[in-house]
Amino acid sequence: MASSFLKKTDFKADVVIIGAGLHGCSTALHLALQGVSVIVLEKDYAGRHASGVNAGGVRRLGRHLAEMPLSVASAKIWQEIEGFVDDDCGFRSSQQIKVAETPEELSKQETRVNEVRQSGFHHEKMIDQQTLREMLPNVSPHCVGGMIVEDDGYANPFRTVQAFRLKAQSLGARFREGTKVANIKRERGIWFVGCHDCVVEAPKLVNCAGAWGGEIAKKLGENAFVSAIALMLMITARMPAFVTGVVGAEGRTLSFKQFPNGTVLIGGGHEGQANKDDNTTHLDYSGLAINAHTARTIFPIMRSTRIVRAWAGIEGMTPDGIPVISPSQADDAFHGFGFSGHGFQLGPIGGKILSDLVLDDKTNLPLEPFRIDRF
Amino acid sequence: MFTRVNKNNAKFVSISLDNQTVKVRKGLTVAAALLEANIGHFRQTPVSGKPRAPFCMMGVCFDCLVVIDGMANQQSCLIEVCEGMRIERQIGPADIIPEKPEDQGTKP
Amino acid sequence: MTQHYEIIVIGAGPAGMAASQTAAKHGAKTLVLDEQRTPGGQIYRAAEANEARQSVELGKSYENGFSLVKSFRNSAVDYVPGASVWQLSHEREIGYSKDGTAHIVTANQVIVATGALERPMPVPGWTLPQVMTVGAAQILLKESEIGIADAVFVGTGPLLYLVVHQYITAGIPVKAVIDLTPACNYFKALAHMPNAVFAMSRIMEGWRWKREIIAADIPLISRVDDVRILGDGAVEAIEYRHKSTWKKLDCDHVLLHQGVVPDVNISLAAGCDSRWDEAQACWHILVDEWFQSSVEGISIAGDSGSIGGGVAAEQRGHITALGALMRLNKITPVERNRLARPYQASLKTEMQVRPFLDTLFRPADNFRMPEHEETIVCRCEEISAKQIREAVDLGCQGPNQLKSYTRCGMGPCQGRFCGLTVSELIGKFSNKPVCAVGYYRLRPPIKPLLLDELANMKNQPEN
Ligand SMILES: Cc1cc2nc3c(=O)[nH]c(=O)nc-3n(C[C@H](O)[C@H](O)[C@H](O)COP(=O)(O)OP(=O)(O)OC[C@H]3O[C@@H](n4cnc5c(N)ncnc54)[C@H](O)[C@@H]3O)c2cc1C
Ligand code: FES
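Residue numbers (the numbering used here), protein chains in the order written: chain A, -9 to 365; chain B, -7 to 100; chain C, 72 to 534.
Some clues are possibly wrong.
[Unchecked claim] So these bits of chain C aren't anywhere near chain A, every CB distance computed over 12 angstroms:
#: 1; residue: S160
#: 2; residue: F258
#: 3; residue: R273
#: 4; residue: A286
#: 5; residue: D296
#: 6; residue: S315
#: 7; residue: T446
#: 8; residue: E452
#: 9; residue: E461
#: 10; residue: G482
#: 11; residue: P483
#: 12; residue: R512
#: 13; residue: L513
#: 14; residue: P516
#: 15; residue: D523
[To be verified] Here are the computed distance ranges between Cβ atoms for each label pair:
#: 16; chain 1: C; residue 1: I292; chain 2: B; residue 2: A2; range: 30 to 38 angstroms
#: 17; chain 1: A; residue 1: E140; chain 2: B; residue 2: E72; range: 44 to 52 angstroms
#: 18; chain 1: C; residue 1: F258; chain 2: B; residue 2: G41; range: 44 to 52 angstroms
In short, the hints are calculated from the structure, not lab data. Since the model is a prediction, treat every value here as computed from it, not as a measurement. Virtual Cβ for every residue (Gly too), placed ideally from N, Cα, C.
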């Protein structure tokens, strides 16, 4: 309805961004802050997928070394998030601990912490069994120690996406939801992005299409091996406050945290099935069972809590588990997708990097490992 | 008052509620047994601490939650009483219960 | 290895018992899962125990269940009592827990026969201890031979009168009956009388029950259009508005009821399409003439699809099973049609009384959409009608967003005691039809399951 009244100029901008997850919204915001006009195209609604339904962990702990400089830069923005987007995004600065259950795991962690030190980062530290028990009084006694980052944290994912989007919008960014990109053409130095009810024109294009990023890349003539996975999460009924911060495990996949209202979120990268075409996800209960078993093993008091809900979010996964953040081989196009299960924390910096690439063709963070042509 | 309709012979078992022994009829659900004992409320809500007692008796409302033999969040309207059962009112979001030794497993 | 069946029936009420018997009779490998400890469902709950002790108070229609339960016990089905189903996927994978362990089973055909729930009745004070549903009181009577002496019965619907009748027969003192049937309903229901003549005996029974209440000197207060339950930590009194004046009645127990509605959570979570039924003011699962839902291989028998009552549930159970058997190639379409005919005929007669009952006992708007703003709507998270209005004022469009705004519907009952109220209230506050507002998006587990149960499902540590 409304679209038939839109003026032609409504579909013109300096930059067109595909995807309104956190990275798309963040890119829009960083560009809008520079006075650049942007249109964001989203096939569903902002935050519908990975960005809005993830576990909300804001962690540097245990990151891939290639991501470390980005993650550290992002952490700085997170600490000031309210000043940046006018909303605290539910962000709470807190510790993140990765528990070691055996001496072997502990020594593996020591090696890791030294490696990180040698790369010049000092936020990861080791803690011994006694300190661990002081910090997590309810941790199972068999846990022997762990590594910690004291000032990581967690945030509310949907609220975060909303905040970035609203702030970008207040600075003039235009969002079109329910608008799926069908085809992309380039003529006379302009990108023409065709959707079911409009064609958007912009000299520059940014692909932030998450699990669908590979499809967009293909339309630009590039192959990016990104697959769609469904990451499962569960949440419990309210429990008494018994754990602060976010807890993971060295030898098993776990992400565990308690919200101020007492409910506990249990995640850990177990996968269900994702269907990219109709947005549906299906849970794999044997994976959730392993996840529940892990939670109970690390925190025995979990056994009598009730799982109230479980769900899965669709995420883009690359073969090497780190994202594509890269100029395209096509002119004036850029990629930021495939965050492989840990892109929420990178959201604030991801948008900054892409806006730098769009505006200056360069950024001061090392992007070599994230090139699209590495596969 | 909750009362028995037929006063014919019945078998009894002993259970405890908050450490006090109560004799209850065999074969009842925990909720029915505690109601028959007219114990008042079963739990206090985690949100406001208000008292609650069974509302639906068919497993839907979760207002009958109690701690049974150390396990919190048990739907008492679906579980049968048995001799020696230890029951506690569930106050707020269920107190942290002592860990059972078998849970302190080591990593295999 | 996951166990596999040709037909899995969820629920052992009249619909489930009938469906599974028919299924087994034609050679389908059949499993029945039910949360209760014995077969019977809500209507024939504890039928075997009551037959054994020759209870008289439960009445003739209850005794109809004895033979059904007996033939169910004698049929060649695997029956697992005490099994709480917490997941049904569109691929017909079923998760259930029993005695602290979770199991997964699969089937070619699934028949959902999970029955009905009592409609939420959000009035001030309905969360106090000593306030129960009338259905709960009946369960105590059937299952445990427990009566609640001197309770005030409040509400509308056949079950309310039935249970008062059962109470009187059992000699349990009743303090008062406050009838909330809106006066205008009697007039509207008259229009459906001609179709209901086949069920005249049942309608007459209702009148007899009413006379019985009066004969027993129990105050029967009708024309009441508002109530609130008073008390701090325990029920002290009930106040009601009778012909525009508020009156107060001291009491210790209040029993509420305003009809039953389908338990749709499991079907919605499996992805079955539904629609809002304005006459019954609840959601119905869309089914074809063999009660198959929009999801292939998942059928809905009995009250869990739409309310038809116990007798209709039994007929629908048989018809549903015949449909499933045909899809399994156990019978031909011709056989299916022939075998179904008698059940379809009885079902048709049985359903003719529905419009009359639905109209007569349709609860008044203010008992579905509370006007006292402090009334708790979501019992679990203690969210009031006022908080819902405020969320709508802030731009909340529907039940799923309401969860993010207020946590309404996010507690352990998973919206079963607030979902209908929430959809209708949002519709009212935002001036939208209920079908446009929609219902909670349901996620498994459809019943909260203990973490321990899930962890035990595959107690296999990694590596
Ligand atoms: C509390 C109550 C009392 C009632 N009393 C009467 C009465 O006295 N007389 C009358 O005519 N009508 C009564 N009704 C209405 C009557 O229940 C229905 O008309 C009739 O029983 C419908 O039959 P059904 O087979 O569809 O469902 P039901 O009889 O309700 O059977 C469904 C079965 O499914 C089981 N179930 C549900 N969910 C799950 C799950 N997730 N996992 C495993 N099992 C599950 C239930 O435990 C139940 O045994 C009552 C309704 C209620 C709610
Ligand atoms: S009384 Fe409602 S769930 Fe037990």
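| task | Determine which of the earlier numbered hints do not hold for this structure and return their numbers in increasing order. | result | 1, 8, 10, 11, 12, 13, 14, 15
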